[in-house]
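Visitor: Taken in sequence, the protein lines are chains A and B. Using our numbering, you'd call the opening residue of the first sequence number 1 and step up by one each time. Using our numbering, you'd call the opening residue of the second sequence number 217 and step up by one each time.
These are computed hints drawn from the structure, not numbers from a lab. From the three backbone atoms N, C-alpha and C, an ideal C-beta is built for every residue, glycine too. Fair warning: there could be bad hints in the mix.
What the hints assert, rightly or not - Under 7 Å between C-beta atoms, here's a sample of chain A residues computed to sit facing chain B: (1) D85; (2) E95; (3) L97; (4) H99; (5) W102; (6) L115; (7) S160; (8) A182; (9) H185; (10) H186.
Said to hold, decoys possible - Derived Cβ-Cβ restraints for the label pairs, each shown as a range: (11) R122(A) with G635(B): 48 to 58 Å; (12) L529(B) with L14(A): 23 to 33 Å; (13) T531(B) with E138(A): 29 to 39 Å; (14) E138(A) with G635(B): 31 to 41 Å; (15) E138(A) with S651(B): 19 to 29 Å; (16) A532(B) with A39(A): 49 to 59 Å; (17) R660(B) with H199(A): 32 to 42 Å; (18) R122(A) with T531(B): 24 to 34 Å.
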Amino acid sequence: MPASPSLADLRQLLAARFPTAARKAESLVPTGVASLDHALEGGLPGGALTELVCGPSTGSGLVLTRLIASTRKARQRIVLLDAADGFSPEDEAPEILEHIVWCRCGGVDLSALWLVADLTLRDSHFAAAVIDLRGVPERALLRTPGSTWYRLQRAVEQSSVATLVLSPTPVVPSVRHRFRLAAPHHAPDLRMEREHLLHSLAPEHERARGAFHLSA
Amino acid sequence: MSYAVLEVRSFPLHARLRLEPSSHQATAIYSGSGRRALIAHLNDAAERYGLREGMSAIQALGLCPELRLWTRDDAAESEATSLLLHAAWKLAPRVEATAPGLCTIALDGRELATLREDVRRLLAELPLHGLPLRVGVAPTPGVARFAAFHAEPEMWVEDSFAFLAPLPVHLLGLTESEASLFDSLGLRTMGDLARLPEASLAQRLGERGVRLWALATGKDRQPISTVTPPTRYFAHYDFEHPAETLDPLLFLLRRFIDRLSEQLIQASLVAEIIRLKLRLEDESIVEREFRLPQATARADGLFKVVEQYLSSLQTASAVVGLELELIPTKSATRQEGLFESSLRDPHQFYDTLARAAAILGAERVGTPLRVDSHRPDAVEVGPPPAVISEYRPSPRPIPAGLPLRRFRPEFPTLVELDGERPVYLRCASARVEGSVCDTRGPWRRSGDWWEAERAWSQEEWDVELSSGGVYRLTLRPNGWFLEGVYD
Chain A
1 MPASPSLADL RQLLAARFPT AARKAESLVP TGVASLDHAL EGGLPGGALT ELVCGPSTGS
61 GLVLTRLIAS TRKARQRIVL LDAADGFSPE DEAPEILEHI VWCRCGGVDL SALWLVADLT
121 LRDSHFAAAV IDLRGVPERA LLRTPGSTWY RLQRAVEQSS VATLVLSPTP VVPSVRHRFR
181 LAAPHHAPDL RMEREHLLHS LAPEHERARG AFHLSA
Chain B
217 MSYAVLEVRS FPLHARLRLE PSSHQATAIY SGSGRRALIA HLNDAAERYG LREGMSAIQA
277 LGLCPELRLW TRDDAAESEA TSLLLHAAWK LAPRVEATAP GLCTIALDGR ELATLREDVR
337 RLLAELPLHG LPLRVGVAPT PGVARFAAFH AEPEMWVEDS FAFLAPLPVH LLGLTESEAS
397 LFDSLGLRTM GDLARLPEAS LAQRLGERGV RLWALATGKD RQPISTVTPP TRYFAHYDFE
457 HPAETLDPLL FLLRRFIDRL SEQLIQASLV AEIIRLKLRL EDESIVEREF RLPQATARAD
517 GLFKVVEQYL SSLQTASAVV GLELELIPTK SATRQEGLFE SSLRDPHQFY DTLARAAAIL
577 GAERVGTPLR VDSHRPDAVE VGPPPAVISE YRPSPRPIPA GLPLRRFRPE FPTLVELDGE
637 RPVYLRCASA RVEGSVCDTR GPWRRSGDWW EAERAWSQEE WDVELSSGGV YRLTLRPNGW
697 FLEGVYD
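Based on the sequences and whatever the hints tell you, model everything.
Guide: Next comes the structure, spelled out in structure tokens:
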């Protein structure tokens, strides 16, 4: 049904007043994990934060490698903000790595990671960003000031970067989507093909905050 | 052939003022000492107080109590001379550093139309760097110098004799005895001097007379002594008063980087490393080397790296001196394929990386690269490519199982064994403890055994804990370590 003139006027007014909140078309970056992409209606939303809460051996690394492969095939750049410097590229083929900018933040203060996040998330050359907080003590994460998350959210909103936060516990207050990987894998799974393990991933969709879309 | 002379009036003053953020305050350079100190150069703000060159410093302070009185500064003048020479090389390659604030250029083969454009560009650019410039162009170096002296801000002389004839003879730089001699002979202008026969002046004043006559007639042909462009891109400065805040440091660094960046561009080079050295009041030194993710000569990009670092730096005492050096390399060039997608704004991208590198360290930001070694965790980062190539899947099989998330550095771990198999582990650093419910291994790996110092060997176990989580456990000659978690 076509929008009434008054509704269209209101949308225009909102778009003018809140340009970052009102996005006409939102870019999506597919993760390559079918269950996640289905829940996200196509992929990680650009200009928004998505959090994946994951315990040890629950398959978050699989999601990361799959996202890396997916963006590589699309020839999109991705920045990996690796808080504990845990990414292990030695098992991956070199040709799958060339689009990654790896920021190894292990051994430095967490505030340095937020500074680098603030810089990189504002760079439009990156289609996606992964803030990997796995391996950071929960206590340190929970001590992160609210203003840091707010600044992060603002940086993401002002760009079109699809941002995935991998965290051991729910920490991002302003997240658009939050998923949880709860079921741990077992030692025999190390012999299984990754494709099979990906099919068995069942992320729980814990939170979905609607974005304000303009249809006019 | 013609010559150009670039002149910066009151050069010692402008050379210092350009390195000071507050350049509008009344300022003067004095020479001599004590009661004999005389004002040698002063800026417009000082002139507004009625100060004049040649006035005693005490008298000047009486008229303007807030006057900044400075002495000449060799480092500042050297920096400004580099900038002036660099400007001169934009016109032609044969350049002479004639005197402080003065350089002469042989304009061999330059076309007049393009030369005029280049001169006007210089006249617009150099004042932005704090050096008000005058340019004189004439058929000989001597006439060009007089033209620069009278330029507002440029003067082009075609008929040397007509230009020189009305000029006062004292502009030739006469000694006292020469001045009184010319005065007694009634020689007031260069035209008066030029009308005398050359031989009679030679007879009276010798070689000096011939030189003065040649200058006055516009026939001087003294060859210029050319200088070569620098091969080191270096700048330094010692503060008169220690810098306690960031602003004067950044102001100075911006000046340095602007100049060095222009010199790099002129030499078709780019900087791959920035070396910064701060000397502190407590005699300690802060040194930092920034290896840029992508070599660049852009002043903005170079400055942001240094600015990012300094804005988070805290020193124990104030800064008394700084040194900056750019290590150049040749600019890499490649032709892109028709269908390749390159960076929309390479400068922005590499600026972002450089700033991230300034925060984390250059060895921590870049594209992951595998080192050609079987040693565990043999990875490093390199500069990201400007173009992401089309993806062609590798014939290598896709690794099975969960990817490993490494603990860097690995955590020392207490392990309880049943035979050779781990049955219980405790790692306080990783907050991991529990009984082992499943194990795979051991896998024995070794390498570099032919080099005693680099040789390595280890035994790897994959262990699952009853409390959850699959880990890689490693036995080395120095004990057990938790190497990572399969995630």
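Visitor: Hint by hint, note whether the structure agrees.
Guide: A quick look at each hint next to the structure:
no. : hint                             : verdict
1   : D85                              : holds, 5 Å
2   : E95                              : holds, 6 Å
3   : L97                              : holds, 5 Å
4   : H99                              : holds, 5 Å
5   : W102                             : holds, 5 Å
6   : L115                             : holds, 5 Å
7   : S160                             : violated, 12 Å
8   : A182                             : violated, 10 Å
9   : H185                             : holds, 6 Å
10  : H186                             : holds, 6 Å
11  : R122(A) with G635(B): 48 to 58 Å : holds, 56 Å
12  : L529(B) with L14(A): 23 to 33 Å  : violated, 44 Å
13  : T531(B) with E138(A): 29 to 39 Å : holds, 35 Å
14  : E138(A) with G635(B): 31 to 41 Å : holds, 36 Å
15  : E138(A) with S651(B): 19 to 29 Å : holds, 23 Å
16  : A532(B) with A39(A): 49 to 59 Å  : holds, 53 Å
17  : R660(B) with H199(A): 32 to 42 Å : holds, 33 Å
18  : R122(A) with T531(B): 24 to 34 Å : holds, 29 Å
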